[in-house]
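Asks: So the chains spell out like this:
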Amino acid sequence: MVNRFMQSRLRDLVFLAIILFALPAFLSNPFHYDLATQMAIIAATVVGLNLLVGFAGQISLGHAGFFGLGAYFSGIMTGSYGWSSIPALLVGAVLVGIIAWIVGRPILRLKGHYLSMATLAVGFIIAIIINNETWLTGGPDGMPVPSLDIFGWELSPFGSYSLFGMELDGNQAWYLFAALVLLVAVWFAQNLIDSPIGRALRSVHGSEVAARVVGVNTASYKSLVFVISAIYASLMGGLYAHFQGFITPAVAAFDFSIVLITMVVLGGMGSTMGVILGAVVLKLLPQVLADFQELETVMFGLILMLTMIFMPKGLLPTIQMAVSKRMKKKAGGQA
Amino acid sequence: MLKTMLRRAGKFAAIAAAGLVMSAQAAEPIKIGSFLSVTGPASFLGDPELKTLEMYVEKINESGGVLGRPLELIHYDDVGNASSARNFASRLIRSDRVDIIVGGSTTGATMAAVPLVEQAKIPFISLAGAVVITTPVKEWVFKTPQSDRMAAERILSDMKERGITKIGLISGTDGFGASGRTQTLEVAKELGVEILADVTYSGSDTDMTAQLTNIRNTQGVEGVLNFGFGQGPAIVTRNYAQLGIKLPFYQSHGVASDGFLDLAGASAEGLRLPASPLLVPDSLPEDDPQKEVVQSYKAEYEARWNAKVSTFGAYAYDGLMLAVKAIEAAGSTEPEAVRKALENIQGHVGVTGEFNMSPEDHNGLKADSFRILEVQNGAWKLIN
Chain P
1 MVNRFMQSRL RDLVFLAIIL FALPAFLSNP FHYDLATQMA IIAATVVGLN
51 LLVGFAGQIS LGHAGFFGLG AYFSGIMTGS YGWSSIPALL VGAVLVGIIA
101 WIVGRPILRL KGHYLSMATL AVGFIIAIII NNETWLTGGP DGMPVPSLDI
151 FGWELSPFGS YSLFGMELDG NQAWYLFAAL VLLVAVWFAQ NLIDSPIGRA
201 LRSVHGSEVA ARVVGVNTAS YKSLVFVISA IYASLMGGLY AHFQGFITPA
251 VAAFDFSIVL ITMVVLGGMG STMGVILGAV VLKLLPQVLA DFQELETVMF
301 GLILMLTMIF MPKGLLPTIQ MAVSKRMKKK AGGQA
Chain B
1 MLKTMLRRAG KFAAIAAAGL VMSAQAAEPI KIGSFLSVTG PASFLGDPEL
51 KTLEMYVEKI NESGGVLGRP LELIHYDDVG NASSARNFAS RLIRSDRVDI
101 IVGGSTTGAT MAAVPLVEQA KIPFISLAGA VVITTPVKEW VFKTPQSDRM
151 AAERILSDMK ERGITKIGLI SGTDGFGASG RTQTLEVAKE LGVEILADVT
201 YSGSDTDMTA QLTNIRNTQG VEGVLNFGFG QGPAIVTRNY AQLGIKLPFY
251 QSHGVASDGF LDLAGASAEG LRLPASPLLV PDSLPEDDPQ KEVVQSYKAE
301 YEARWNAKVS TFGAYAYDGL MLAVKAIEAA GSTEPEAVRK ALENIQGHVG
351 VTGEFNMSPE DHNGLKADSF RILEVQNGAW KLIN
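Chains P and B, in that order, give the protein sequences. Counted from 1, the first sequence has number 229 at position 229 by full-length UniProt numbering; the numbering is strictly sequential. Counted from 1, the second sequence has number 38 at position 38 by full-length UniProt numbering; the numbering is strictly sequential.
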């Protein structure tokens, strides 16, 4: 019974839920909540990107473009046109999905470096448009975004709320909300992975030719997962914009695409929990290293480099392997 | 016997404890928070700003601090990224619990932090340029550099004095150039200057001859203004000379540094720009109230860091001095009192200009705090 539970895909989800809801015990001030909320939002984005990178084996260097598009669509629609947040998020996601589908179809026929270059170009184009259309986006100096409203109920980092008789400040409320969003994102991703679509995707990753031989429509599966990961990015971009209250074109910039990919690779490609760990580590490092001042960037690079040299599979898979090896050894010793 | 000893010990303990409490109170530092773009693409702003803050916090502490309390500088590097700037502002306010923030090298970084600052009700002195920071006035946000709008006013009125009323505008598409372009277009309308050509270039362009040819071929242009930042304006200046355009040429305050002269070389000859008096400390007339402040800042900075002083560092100098003055006037670090004191600062002579704050003006500078300089024989010459 316990064993079966440990094998099931619910295991990770339950662990994650326990960690997420136990975490507030260790958060001592609003800044910690602030950071944890951002981590959850970015982690959900990376979970979506991992579907594309980790499972379908396709590389996107333009994902920040979709994130930024979602962020700016929400920001502009709620800020300048008086939309409510939820429709803005959903319409934005649909639009980004359509854009991803249109560019994805021809792009995903490309392989290897060509594919990464094409996604890179898409990301750049989006970033340039956001940067230059000052009348709409505020240009390089950015634009303010109203706080999130969920059918008339406003969720602002500066508000105060009561939940089941507990007094929460805005940051705590946002954290709980973001934690729920992350859980839903992980739940959806894991269901997708364990569905026929997920198996088809993994076959594409393993060998595209073999997949095609057994009758998998590789092109359509690849563009489907590209669209899904773009929608993840768009939704999270929108939430991020509402949470931050101010966005600049940096959210759509190439640098951020690289950060997202790095989170996937560092945490462990193809491991949903791994990429969440990757997001947490990469979000946390700049804050931890802030005390090193000028050496911050050097330390950052060094940590990434050493991790990739000694843990090429990524943080979590390497740790898991080490743990299970030890457990087996122990079990062997006892028998 | 035992009793007296105990009593004495008790007395000692009490005195010691009181002493500890008192020294703790006396040593309670005033926390000055700062987030600056010390590395990354905007490091030419953040680096001199941080050096200035570090140096003057030390100096102030050596001479006894403020209100008898030492200053403590808590600073983070936002790498020129607005999201990190916002996160570090959040950390300064919520985790480090600073008394005042002096920072924000770029407009993006500043604006990203504004919602947090306004909500937390902490005085914030920004070191970034664009006019949006203090217009409309935000209760808790102040800034030390002149706005790009003032630069546009200063340039266009100098042009008008020379009889130039029809100009060509070439600007960068980065934040500085884009905001400068908008302000120039607005100010031009007010001053009755016609902009006949309006072209842009992007930050990574390496040749602007096409845009300049476009301006040259526009009938009736009497002068050209380049609003930009970084190396773009240096390239524009070189191309301008290569094309042999003889019209009066203006740059913005964005390139008012000695580094620009090195980049542009002989092509810069004859161009004019609005700049801080810091570039020409010794040519200032003796009766200029800023002369002393400017000269001593330049001397102290260059002696300490063995590097050329920069206008951007001066923004940080003015920001810190305004903060100190306000805290002294308020007599405490109580945020509302400090904010009020900042608003009431009158006739404060800084390196950038003379600050006259008011509830309607959180910048406090006038357009004439910019001096018009001309490049003559490869050096800055004070015109006005």
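One thing to keep in mind: the hints can contain errors.
DMTMM-like, lysine to aspartate or glutamate: derived pairs with alpha carbons at most 25 Å apart [claimed, not checked]: (1) P:LYS283 - P:ASP255; (2) B:LYS121 - P:ASP255; (3) B:LYS31 - P:GLU133; (4) B:LYS189 - P:GLU133; (5) B:LYS51 - B:ASP282; (6) B:LYS160 - B:GLU222; (7) B:LYS51 - P:GLU167; (8) B:LYS31 - B:ASP158; (9) B:LYS298 - B:GLU222; (10) B:LYS121 - P:ASP169; (11) B:LYS51 - P:GLU296; (12) B:LYS138 - P:GLU154; (13) P:LYS283 - B:ASP282; (14) B:LYS59 - P:ASP291; (15) B:LYS291 - B:GLU334; (16) B:LYS121 - P:GLU296; (17) B:LYS340 - B:GLU139; (18) B:LYS31 - P:ASP291; (19) B:LYS298 - B:GLU118.
Since the hints were derived computationally from the structure, they do not count as laboratory data.
Asks: With reference to the structure, classify each hint as holding or not holding.
Replies: Now for the hints, and whether the structure bears them out:
| no. | hint | in the structure |
| --- | --- | --- |
| 1 | P:LYS283 - P:ASP255 | holds (14 Å) |
| 2 | B:LYS121 - P:ASP255 | violated (33 Å) |
| 3 | B:LYS31 - P:GLU133 | violated (40 Å) |
| 4 | B:LYS189 - P:GLU133 | holds (22 Å) |
| 5 | B:LYS51 - B:ASP282 | holds (23 Å) |
| 6 | B:LYS160 - B:GLU222 | holds (11 Å) |
| 7 | B:LYS51 - P:GLU167 | violated (43 Å) |
| 8 | B:LYS31 - B:ASP158 | violated (43 Å) |
| 9 | B:LYS298 - B:GLU222 | violated (37 Å) |
| 10 | B:LYS121 - P:ASP169 | holds (16 Å) |
| 11 | B:LYS51 - P:GLU296 | holds (17 Å) |
| 12 | B:LYS138 - P:GLU154 | holds (23 Å) |
| 13 | P:LYS283 - B:ASP282 | violated (48 Å) |
| 14 | B:LYS59 - P:ASP291 | holds (22 Å) |
| 15 | B:LYS291 - B:GLU334 | violated (33 Å) |
| 16 | B:LYS121 - P:GLU296 | violated (30 Å) |
| 17 | B:LYS340 - B:GLU139 | holds (10 Å) |
| 18 | B:LYS31 - P:ASP291 | holds (16 Å) |
| 19 | B:LYS298 - B:GLU118 | violated (34 Å) |
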